[in-house]
Structures are given as C-alpha cells and as structure tokens.
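Visitor: The numbering used here numbers the first residue of the sequence shown as 207 and each following residue consecutively.
It is worth saying that the hints were derived from the structure and are not from the lab.
The beta carbon of each residue, even a glycine, is placed where N, CA and C say it ideally should be.
Incorrect hints may appear among the rest.
Unchecked claim - Restricting the straight-line Cα-Cα distance to at most 27 Å, the calculated cross-link-like pairs of lysine-lysine (DSSO-like) are: (1) 275 with 297; (2) 310 with 281; (3) 282 with 225; (4) 275 with 225; (5) 225 with 297; (6) 297 with 310; (7) 297 with 282; (8) 252 with 297.
As the list claims (entries may be wrong) - What follows is a list of derived Cβ distance ranges for each label pair: (9) 246 with 218: 11 to 21 Å; (10) 261 with 302: 10 to 20 Å; (11) 207 with 293: 17 to 27 Å; (12) 216 with 272: 17 to 27 Å.
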Amino acid sequence: MVPRILIVDDEGDFIELVKFRLAGLGCDFLVANDGVHALSQARQFKPDLILLDILLPDLDGLSVCEILKRQPATKKIPVIFMSALSSDVTKRTAAMQAEDFFTKPLDLERLQRRIAGLLHHETVAE
207 MVPRILIVDD EGDFIELVKF RLAGLGCDFL VANDGVHALS QARQFKPDLI
257 LLDILLPDLD GLSVCEILKR QPATKKIPVI FMSALSSDVT KRTAAMQAED
307 FFTKPLDLER LQRRIAGLLH HETVAE
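Turn these sequences into a full structure, and let the hints guide you.
Guide: Given below as structure tokens:
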C-alpha cells in the first residue's frame, strides 16, 4: 500500500515545492489549505503522516493537532509541524503534540529522511 501524506499549508507554491521534493518517497499526497479542511481530510482519509503548518486560516495547526490527537481514529497519525514561527515556546508546544518541528525555510533533505524514518517504523492502524 502506498503511504499517504497530508500536507497542510495555506501557501499553494510551498505545497507544490514540498510535493516535488518528496516525490522520491513514493507517496500519495493529500492537500489542505486551512485547519478545518485539514481535520476533514485527516478524518476521511486517515493519512500515514501529516505535515502541518501552524499559522493557518480558520483553525491554527496547534489546535488541529490537539483535536486529532484526542480522537481515537486519528490519534496515532504522526504529525510534523512546519512553521516560520521559531520561538522556543512554539517549538516546545508543538513538540508536546507532534513527532517533530521544522522551521521554514525547510531543510527538505532532512525532512525527507525524517518522513522516511517515520513511515518505515510507525504503523497507523484503525
């Protein structure tokens, strides 16, 4: 089965860049441009991993992650935050809910290695 990654960001060009750079992972990609749509996509498709921006329209990424981690059907989905916010408080808050935090601009090679590791070692069942 081909792994599925949900990319959540409100910048279309950024999403396309990430998809292009991660194409070598052999994954299918889902996309959401705001927090509400991200929740809907995660609940409906149960991706194997979520790349989640923090600053989003409607509902911020921290809230999205918190909601997903409280729900039995989505709580085991690994989340990696991607954000231009880089304060220690933001990173600590994100780390409490997610597997990793990447500051924009992203180190896409490091991100690709991290995703490959998570997809190889973690199974999302339910």
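Visitor: Taking the hints in turn, state whether each one holds.
Guide: Right, here's what the structure says about each hint:
1. 275 with 297: holds, 17 Å
2. 310 with 281: holds, 25 Å
3. 282 with 225: Given pair residue 282, residue 225 holds - Cα atoms ~23 Å apart, limit 27 Å.
4. 275 with 225: holds, 24 Å
5. 225 with 297: Holds: residue 225 and residue 297 sit about 24 Å apart, inside 27 Å.
6. 297 with 310: holds, 12 Å
7. 297 with 282: Answer holds: residue 297 to residue 282 is near 20 Å, not above 27 Å.
8. 252 with 297: holds, 25 Å
9. 246 with 218: 11 to 21 Å: Roughly 18 Å apart at Cβ, these two residues keep to the hinted range, so it holds.
10. 261 with 302: 10 to 20 Å: At 18 Å between Cβs, range holds.
11. 207 with 293: 17 to 27 Å: Given about 38 Å between the Cβ atoms, the range is violated.
12. 216 with 272: 17 to 27 Å: holds, 19 Å
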